[in-house]
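Model the full assembly from the supplied sequences, consistent with the hints where possible.
Protein chains: 2
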Amino acid sequence: MAESVPRIVIVGGGFGGLAAAKALKNAPAQILLIDRTNHHLFQPLLYQVATSVLTPGQIGSPIRNILREQQNTTVILGEVSGVDKDKQCVVVSSADRAAVPVPYDFLVLATGVTHSYFGHDEFKRFAPGLKNLADAVAIRNRILQAFEQAEAEEDPSRHRDLLTFVLVGAGPTGVEMASAIAVLVRNTLKSEFRRINPESARIVLLDMAPRVLGSFSEDLSEAAKKRLEKLGVEVRLGHGADQIDAGGVMVAGERISSKTVIWTAGVAPSPAGKWLNVNTDRAGRVRIQQDLSVPEHPEIFVVGDTASLDQDGKPLPGVAQVAIQQGRYAGKLIHRRITGKTIPVPFRYFDKGNMAVVGPGFAVLQSGKIHISGILAWFAWAAVHLQFLATSSLRISVFLQWVWTYLTGQRGSRLIVNHCGAERAKPAVEEGPRTSEMLLPQ
Amino acid sequence: MAESVPRIVIVGGGFGGLAAAKALKNAPAQILLIDRTNHHLFQPLLYQVATSVLTPGQIGSPIRNILREQQNTTVILGEVSGVDKDKQCVVVSSADRAAVPVPYDFLVLATGVTHSYFGHDEFKRFAPGLKNLADAVAIRNRILQAFEQAEAEEDPSRHRDLLTFVLVGAGPTGVEMASAIAVLVRNTLKSEFRRINPESARIVLLDMAPRVLGSFSEDLSEAAKKRLEKLGVEVRLGHGADQIDAGGVMVAGERISSKTVIWTAGVAPSPAGKWLNVNTDRAGRVRIQQDLSVPEHPEIFVVGDTASLDQDGKPLPGVAQVAIQQGRYAGKLIHRRITGKTIPVPFRYFDKGNMAVVGPGFAVLQSGKIHISGILAWFAWAAVHLQFLATSSLRISVFLQWVWTYLTGQRGSRLIVNHCGAERAKPAVEEGPRTSEMLLPQ
Numbered sequence: 001m002a003e004s005v006p007r008i009v010i011v012g013g014g015f016g017g018l019a020a021a022k023a024l025k026n027a028p029a030q031i032l033l034i035d036r037t038n039h040h041l042f043q044p045l046l047y048q049v050a051t052s053v054l055t056p057g058q059i060g061s062p063i064r065n066i067l068r069e070q071q072n073t074t075v076i077l078g079e080v081s082g083v084d085k086d087k088q089c090v091v092v093s094s095a096d097r098a099a100v101p102v103p104y105d106f107l108v109l110a111t112g113v114t115h116s117y118f119g120h121d122e123f124k125r126f127a128p129g130l131k132n133l134a135d136a137v138a139i140r141n142r143i144l145q146a147f148e149q150a151e152a153e154e155d156p157s158r159h160r161d162l163l164t165f166v167l168v169g170a171g172p173t174g175v176e177m178a179s180a181i182a183v184l185v186r187n188t189l190k191s192e193f194r195r196i197n198p199e200s201a202r203i204v205l206l207d208m209a210p211r212v213l214g215s216f217s218e219d220l221s222e223a224a225k226k227r228l229e230k231l232g233v234e235v236r237l238g239h240g241a242d243q244i245d246a247g248g249v250m251v252a253g254e255r256i257s258s259k260t261v262i263w264t265a266g267v268a269p270s271p272a273g274k275w276l277n278v279n280t281d282r283a284g285r286v287r288i289q290q291d292l293s294v295p296e297h298p299e300i301f302v303v304g305d306t307a308s309l310d311q312d313g314k315p316l317p318g319v320a321q322v323a324i325q326q327g328r329y330a331g332k333l334i335h336r337r338i339t340g341k342t343i344p345v346p347f348r349y350f351d352k353g354n355m356a357v358v359g360p361g362f363a364v365l366q367s368g369k370i371h372i373s374g375i376l377a378w379f380a381w382a383a384v385h386l387q388f389l390a391t392s393s394l395r396i397s398v399f400l401q402w403v404w405t406y407l408t409g410q411r412g413s414r415l416i417v418n419h420c421g422a423e424r425a426k427p428a429v430e431e432g433p434r435t436s437e438m439l440l441p442q
Numbered sequence: 001m002a003e004s005v006p007r008i009v010i011v012g013g014g015f016g017g018l019a020a021a022k023a024l025k026n027a028p029a030q031i032l033l034i035d036r037t038n039h040h041l042f043q044p045l046l047y048q049v050a051t052s053v054l055t056p057g058q059i060g061s062p063i064r065n066i067l068r069e070q071q072n073t074t075v076i077l078g079e080v081s082g083v084d085k086d087k088q089c090v091v092v093s094s095a096d097r098a099a100v101p102v103p104y105d106f107l108v109l110a111t112g113v114t115h116s117y118f119g120h121d122e123f124k125r126f127a128p129g130l131k132n133l134a135d136a137v138a139i140r141n142r143i144l145q146a147f148e149q150a151e152a153e154e155d156p157s158r159h160r161d162l163l164t165f166v167l168v169g170a171g172p173t174g175v176e177m178a179s180a181i182a183v184l185v186r187n188t189l190k191s192e193f194r195r196i197n198p199e200s201a202r203i204v205l206l207d208m209a210p211r212v213l214g215s216f217s218e219d220l221s222e223a224a225k226k227r228l229e230k231l232g233v234e235v236r237l238g239h240g241a242d243q244i245d246a247g248g249v250m251v252a253g254e255r256i257s258s259k260t261v262i263w264t265a266g267v268a269p270s271p272a273g274k275w276l277n278v279n280t281d282r283a284g285r286v287r288i289q290q291d292l293s294v295p296e297h298p299e300i301f302v303v304g305d306t307a308s309l310d311q312d313g314k315p316l317p318g319v320a321q322v323a324i325q326q327g328r329y330a331g332k333l334i335h336r337r338i339t340g341k342t343i344p345v346p347f348r349y350f351d352k353g354n355m356a357v358v359g360p361g362f363a364v365l366q367s368g369k370i371h372i373s374g375i376l377a378w379f380a381w382a383a384v385h386l387q388f389l390a391t392s393s394l395r396i397s398v399f400l401q402w403v404w405t406y407l408t409g410q411r412g413s414r415l416i417v418n419h420c421g422a423e424r425a426k427p428a429v430e431e432g433p434r435t436s437e438m439l440l441p442q
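Quick note, the sequences are listed as chains P and H, same order.
First residue of the first sequence: 1, per my numbering; consecutive thereafter.
First residue of the second sequence: 1, per my numbering; consecutive thereafter.
Bear in mind the hints are in silico, worked out from the structure with no lab data behind them.
Some clues are possibly wrong.
Stretch-level coverage of chain P by chain H, calculated; a stretch enters the list once three of its residues show a Cβ under 8 Å from a Cβ in chain H [said to hold, decoys possible]: (1) 33-40; (2) 75-81; (3) 150-160; (4) 190-201; (5) 407-418.
Below, a list of computed lysine-lysine pairs in the DSS-like style, where the Cα atoms sit at most 25 Å apart [what the hints assert, rightly or not]: (6) H:190 x P:25; (7) H:22 x H:369; (8) H:314 x H:369; (9) P:332 x P:352; (10) P:314 x P:226; (11) P:85 x P:332; (12) P:124 x P:274; (13) P:190 x P:226; (14) P:190 x H:22; (15) H:131 x P:190; (16) P:25 x P:341; (17) H:190 x P:22.
Glycine included, each C-beta is placed from N, C-alpha and C at the ideal position.
As structure tokens, then:
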């Protein structure tokens, strides 16, 4: 390729970054996509990995595999730590190398969000959040480990805490995970334990908001809540978690004892705003213009969850569809600009609708004036999610897994793998040996 | 169940322990199976997880799921740290609890092996071994990471070390892994990189023995070696690794620079011999009698890789078939003893044959006087391995994956997931910023 070809750097291989790269497929440019993992993650199904339905490999595909036929694009595993707007370069570190500046002519930042503890970072130790595959595997380990500990525990009075699961935050992730845990205990784990009854597990879904799925209409929130309760989930609204520690959660003066608390509440944007040193909204997302560029920097675009853009007086939501449409727009705009074509009309988000699943065969769907809940919405949910998986092999694999799980109740991967060597059995000091007669079935 | 029913404790949920538990299916007994993981691992395919062909979930099944219909059996996740032969109990620790003694009337130890560095434990840091799923995922991360680092590395002189893979030990694991890496670089990764050619990777298979697959006949060793060389693997025999460090391996005075060295050489038995304080062979395996019990302790059985038993003047090999047949025998013997039936004839291993795979569509098979190599042996290998997977869903899943990989070259899971937060990019200190022009495709 000639030296004169423009250099386009895309940071992030999520929905936004990948859409931008694909939109530049035929552009006469050198495209460099940088991500700190080697895979594009299908985040909407991450809760299914955390609850053992799918394996990590079913929702993650190597980015370079997805883009292997796009010859103008190089994929790099690396961590971006800053942007120099004046010199037009991003600072990239990768394994065991010093940070190097990488020059760009156009920059697309699609760096997403991480989970946020709203200023309570001390909760993190006790209530892990769910944003990447390592998080999902860690949460899967914790949920399955709780049942294992209860089964190994000869004192029935200690079963209660171990079999109580608290989800803090009743947005889509909290609702989907709560219902998936409810089905896990009722179907999958049935008849596998001898000393405990997994069905006796208590699953509590908390939110300070007055309803679940706050981004949906009230009738759908109500339908979801009813369904959750039917599945055995205890829904507690109007109060958040005041305190989270090793023993459980404090809510409105009441203590819920639990060994497994999961944070499904909030997200915070990536540091893109700090790197660029530009205007952000209150949450820290970069305020972008109608063409998705940063004010005074027509060569820098910010897309997806880490960007802030109003449409019809309301901020766009942090969902995959916004990221995909914005990434695609930014890619097309850059392509047109470098080929001297007319610039497209300002970006406009087309809302295809919003869905959340509540257990097998039940979802809520809101699209314009259409509000439906139940099996039809679930089929729509399944079809859309399969369609948006990155490769056809994943589509087949996830589809077969869902059919299998539906028919047999068996899940894709219920492994507990201790990857770090630290979690393993650390016996607590206790007063003298205890009798262990109860360790054997009576 | 009545208190008077005998208590049988089985330690280990591998091939031996699981076979013992299943053989006791209808026994009037309380059976407790203890394992330090929650899953039965199909070790013969572990190298396929390490080389991205299969996902961890395809070769690991929860032990309690396999035994869910066996009502007389309780499965416990716990770590055994000792045996008290006089008081007839094993000492078990499980997560956050003090060690407790668990009483038994019969004990089956099926605690397997771990990898051994033959007294060179300092090699461990630089050359990870392969025994469990966490090992396999760590090795997968390292192999894939090497290609990522090379692609991110702008200095071509540093590509050589990153693209050199050394396997220390040319037994079945070393041979199978070397051929799987060779196929990975030639088929799967083809056309995904822009700055490096994965096909240029150097794969070195070392062994101090004069031939590969020393447990097979000489003609099959020779056939495997030829096949490895055809796949592009450099086979170096007659010298082991004298030294392994961060920069590579020293072999017979020559330095092979490599960032990825994998230990596929030796195994050491579990501490069962120390727990029992009984006679062991030189390797540390417990010397057992013809009925698989420990001398003077007819209630204690040791089976599988951690046991030492001669047959026709030769020690039995440490393979899955021996463990399965021994486990089954021990289970049956205990069942007969507690129901007052006659004791079976002494244990005798029936050798069904030995197989190793060398790349797609090629295996070596030795069974009695039958020695074959090639595609027929591969079909036998595939059929046997599918047959011995723990559940029918895994059989289907692994079969479909193999067909898919064969047809498309695509593998099951090429994720790099940093589970422990420590491996991530630690930039080395370097002298000033380097130019990064080469970071973009030329």
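Going through the hints against the structure:
1. With a cut-off of 8 Å between beta carbons, the region 33-40 of chain P has 4 residues touching chain H; three or more are needed, and the interface restraint holds.
2. Evaluation of the coverage hint for the region 75-81 of chain P: fulfilled, as 5 residues show C-beta separations to chain H shorter than 8 Å, against a requirement of three.
3. Using a Cβ-Cβ cut-off of 8 Å, 4 residues of the region 150-160 of chain P lie near chain H, which meets the minimum of three, so the contact claim holds.
4. Residues of the region 190-201 of chain P with a Cβ under 8 Å from some Cβ of chain H number 5, which satisfies the need for three, so the listed coverage holds.
5. A stretch counts as covered by a chain when three or more of its residues have a beta carbon under 8 Å from one of that chain; for the region 407-418 of chain P and chain H the count is 9, and the coverage holds.
6. For the given pair, residue 190 of chain H sits about 19 Å from residue 25 of chain P by alpha-carbon distance, which is consistent with the 25 Å threshold.
7. Using a Cα cut-off of 25 Å, the hinted pair residue 22 of chain H and residue 369 of chain H is violated, with the two alpha carbons roughly 32 Å apart.
8. A threshold of 25 Å between alpha carbons decides the hint, and for residue 314 of chain H with residue 369 of chain H the separation of about 18 Å falls inside it, so the pair holds.
9. Distance restraint check for residue 332 of chain P and residue 352 of chain P: the Cα-Cα separation of roughly 20 Å lies within the 25 Å cut-off, and the hinted pair is therefore satisfied.
10. Proximity of residue 314 of chain P to residue 226 of chain P is assessed by CA-CA distance (about 29 Å); at most 25 Å being required, the pair is judged violated.
11. Restraint check for residue 85 of chain P and residue 332 of chain P: the C-alpha separation of about 22 Å stays at or below 25 Å, so the hint holds.
12. With a C-alpha separation of about 23 Å, the suggested pair residue 124 of chain P and residue 274 of chain P falls inside the 25 Å cut-off, and the hint holds.
13. With a C-alpha separation of about 24 Å, the suggested pair residue 190 of chain P and residue 226 of chain P falls inside the 25 Å cut-off, and the hint holds.
14. Only pairs whose Cα atoms come within 25 Å are accepted, and residue 190 of chain P paired with residue 22 of chain H is accepted, the gap being roughly 20 Å.
15. Note on residue 131 of chain H and residue 190 of chain P: the hinted pairing is violated, with a Cα-Cα distance of about 31 Å set against a maximum of 25 Å.
16. Of the pairs offered as hints, the one joining residue 25 of chain P and residue 341 of chain P holds, with about 16 Å between alpha carbons and a cut-off of 25 Å not exceeded.
17. Taking the CA atoms of residue 190 of chain H and residue 22 of chain P, the gap is about 20 Å. The hint holds against a cut of 25 Å.
The earlier numbered hints that this structure contradicts are 7, 10 and 15.
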